[in-house]
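Asks: These are the residues of each chain, in order.
Number of protein chains: 2
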Amino acid sequence: MKATVIHAPGDVRLEEVPDPQVVAPTDAVVRVVASCVCGSDLWPYRGANEVNEPRRIGHEFVGIVEETGSEVRDVRPGQFVIAPFVWSCGDCLPCRSGFQTSCERGGGWGGDDREGHPVDGGQGEAVRVPQADGTLVPVDGVDDSVDERLLASLLTCSDVVATGWHAASRAGVEPGMTVAVVGDGAVGLSAVLAARELGAERIIAMSRYEARQGVAREFGATDIVEARGDEGVAAVRELTAGQGADRVLECVGTGESMVQALRSTRPGGTVGYVGVPHGVELPVELMFRRNLNVAGGVAPARAYAEMLRDKVLAGQIEPGRVFDAVMPLADVSEGYRAMDERRAIKVMLRP
Amino acid sequence: MKATVIHAPGDVRLEEVPDPQVVAPTDAVVRVVASCVCGSDLWPYRGANEVNEPRRIGHEFVGIVEETGSEVRDVRPGQFVIAPFVWSCGDCLPCRSGFQTSCERGGGWGGDDREGHPVDGGQGEAVRVPQADGTLVPVDGVDDSVDERLLASLLTCSDVVATGWHAASRAGVEPGMTVAVVGDGAVGLSAVLAARELGAERIIAMSRYEARQGVAREFGATDIVEARGDEGVAAVRELTAGQGADRVLECVGTGESMVQALRSTRPGGTVGYVGVPHGVELPVELMFRRNLNVAGGVAPARAYAEMLRDKVLAGQIEPGRVFDAVMPLADVSEGYRAMDERRAIKVMLRP
Chain A
1 MKATVIHAPG
11 DVRLEEVPDP
21 QVVAPTDAVV
31 RVVASCVCGS
41 DLWPYRGANE
51 VNEPRRIGHE
61 FVGIVEETGS
71 EVRDVRPGQF
81 VIAPFVWSCG
91 DCLPCRSGFQ
101 TSCERGGGWG
111 GDDREGHPVD
121 GGQGEAVRVP
131 QADGTLVPVD
141 GVDDSVDERL
151 LASLLTCSDV
161 VATGWHAASR
171 AGVEPGMTVA
181 VVGDGAVGLS
191 AVLAARELGA
201 ERIIAMSRYE
211 ARQGVAREFG
221 ATDIVEARGD
231 EGVAAVRELT
241 AGQGADRVLE
251 CVGTGESMVQ
261 ALRSTRPGGT
271 VGYVGVPHGV
281 ELPVELMFRR
291 NLNVAGGVAP
301 ARAYAEMLRD
311 KVLAGQIEPG
321 RVFDAVMPLA
331 DVSEGYRAMD
341 ERRAIKVMLR
351 P
Chain B
1 MKATVIHAPG
11 DVRLEEVPDP
21 QVVAPTDAVV
31 RVVASCVCGS
41 DLWPYRGANE
51 VNEPRRIGHE
61 FVGIVEETGS
71 EVRDVRPGQF
81 VIAPFVWSCG
91 DCLPCRSGFQ
101 TSCERGGGWG
111 GDDREGHPVD
121 GGQGEAVRVP
131 QADGTLVPVD
141 GVDDSVDERL
151 LASLLTCSDV
161 VATGWHAASR
171 AGVEPGMTVA
181 VVGDGAVGLS
191 AVLAARELGA
201 ERIIAMSRYE
211 ARQGVAREFG
221 ATDIVEARGD
231 EGVAAVRELT
241 AGQGADRVLE
251 CVGTGESMVQ
261 ALRSTRPGGT
271 VGYVGVPHGV
281 ELPVELMFRR
291 NLNVAGGVAP
301 ARAYAEMLRD
311 KVLAGQIEPG
321 RVFDAVMPLA
331 DVSEGYRAMD
341 ERRAIKVMLR
351 P
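Sequences listed follow chains A and B, in order.
Under the UniProt record's numbering, the first sequence is numbered contiguously, ending at residue 351.
Under the UniProt record's numbering, the second sequence is numbered contiguously, ending at residue 351.
Do not rely on the hints blindly, as some may be mistaken.
The following residues of chain A were derived to be distant from chain B, with all beta-carbon distances above 12 Å [said to hold, decoys possible]:
| hint | residue |
| --- | --- |
| 1 | 7 |
| 2 | 19 |
| 3 | 78 |
| 4 | 112 |
| 5 | 125 |
| 6 | 306 |
Derived list of chain B stretches under chain A, where covered just means 3 residues or more per stretch with a C-beta under 8 Å from a C-beta of chain A [to be verified]:
| hint | region |
| --- | --- |
| 7 | 97–105 |
| 8 | 262–274 |
| 9 | 277–287 |
| 10 | 291–299 |
Honestly, the hints are just simulated from the structure, not real lab data.
From the three backbone atoms N, C-alpha and C, an ideal C-beta is built for every residue, glycine too.
Next up, chain A with everything else stripped away, as it sits in the complex (with noise of 0.2 Å):
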């Protein structure tokens, strides 16, 4: 099969590699519908991660169940599913507990398995998932001939939806605040989204990307700050009688943005940060000073993720609208450029 494969900074290549195959009998196997580019994948492209050999990469995908292990009992061949973007067994405590990236069996994609077998990245035909019964979230009455957006806003269920959620559920938004949000990527504006959907009255998106902006609205925002820095911590307090946000959702993950996040919190209130830290260093005096607390981590998105299909499913919510872009798979390249440049906010693969 084809899948993509990373070899160096800005070096994007789809690869004749092995056709996964049930090892282990906690594992299926899934043909991949769609998947797509993160945020987060462009830290290795742009160079802010190491990338020391070619590996496999991708890991927001959803898809058909061809074959399943002789153990699995949640999901059978022909269903469609949402792959989390960590594969979790569901039994361990962090799994009960609702936190399965810390899951004691489990691992991300395009990784090794914990008995050293290789495990596919997304962005490619097929996927070998361990854990199946603990991973995958069944889709019921859908197949791969699912319409364009639906298929859009389920595939952002295996990552930036759940981890929007994550930011504002963490950080304890509740009806009638205000939130800021640092970040307009499709994980900024998801937490919009969510902001909204817990009732938050008032949510502030930081962005100057008119595009983003537009879709920011859409999701429930009800203020734009162009302004960073200074100027936007300035902005918020202006709109929040000189006090800041009561709840800032961190989306991005660089430390300019956590201390713009931080500032622009009122005293007493909390940061929710789902942007992988590079660079991060909390300024400790200033959260003691204020009584500003630090909230989240990386999302769990299986905890969310039932929840989500449903809301989906249900047309509460159209996260898919986050996606700019559908290219074929073998265009993967040209998929990482576009977000690179700001060109699309997300981009979605279809092998």
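Once you have looked at the hints, place chain B on chain A.
Replies: Same frame as chain A, now just chain B:
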């Protein structure tokens, strides 16, 4: 009158200073019935904070109102009052949202007010209290003949029991949880008490001093861990099915204690911290990977003081048990030494 002045690390003296007077119409003058030495007073005493010039010190006291300015409405001469460790107006947005430590008109004892007039420290015979209505917490039915046990408990409401409560409350301690407490000073012990009052089922106190372990058990600790560092983390994990505690309360403020607290927390758990940070660098990658929240900061004691006063008066809690020494104010220097050398958990000073 006499009041305590810190001249340099290790050098505190009781000196003759000007008698306090009402300066602003919102002031009160309070005659001190009891004050005490705080763990945070030891930072400058030990040289961890600079002492550039002699300055007044002490920020926990209770006393009798002697005089009030023309605009003071809520306290009157003759009343027994608790003074939280920060003075605050009670009326601005941060005050009204329960974060009086961010008061727009407030400040700390022993410095200057916003008009540049000096404010007395708490370790003296009397104190000019700015923003008296917002700051002082009256205690009805008590006068300066109050017995020393009740006095001790009322005095803790000015700081330590409120600070311990803040750690537990901001960390989100809930009934049934397992809570570990790092730090066995008066604040750490108060955090044990707060965790019990908030319904924690299991409370692990980390302490290597027998007297403190005894108070911890009285306050509700179910387990004691004497080890620190890696071994301390391992011991907490062993008590918690390998996971770590649901909530860990960091009541020291060093980088070492913060990392120990974070490493003792289960995935998805929260560290509540109230120790004034000294050299703390938050390990954001660890926090991100394990979804560890960090909550807390400088405790708005005023927000908790009435509730705590009522619990004390009702005999529901006896936080004054943290005092194991009472000295005349004239012996303030020995009081600091006793706490510095850990001969005393907390020293009460009586003018």
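Asks: So which hints don't hold here, by number, going up?
Replies: none
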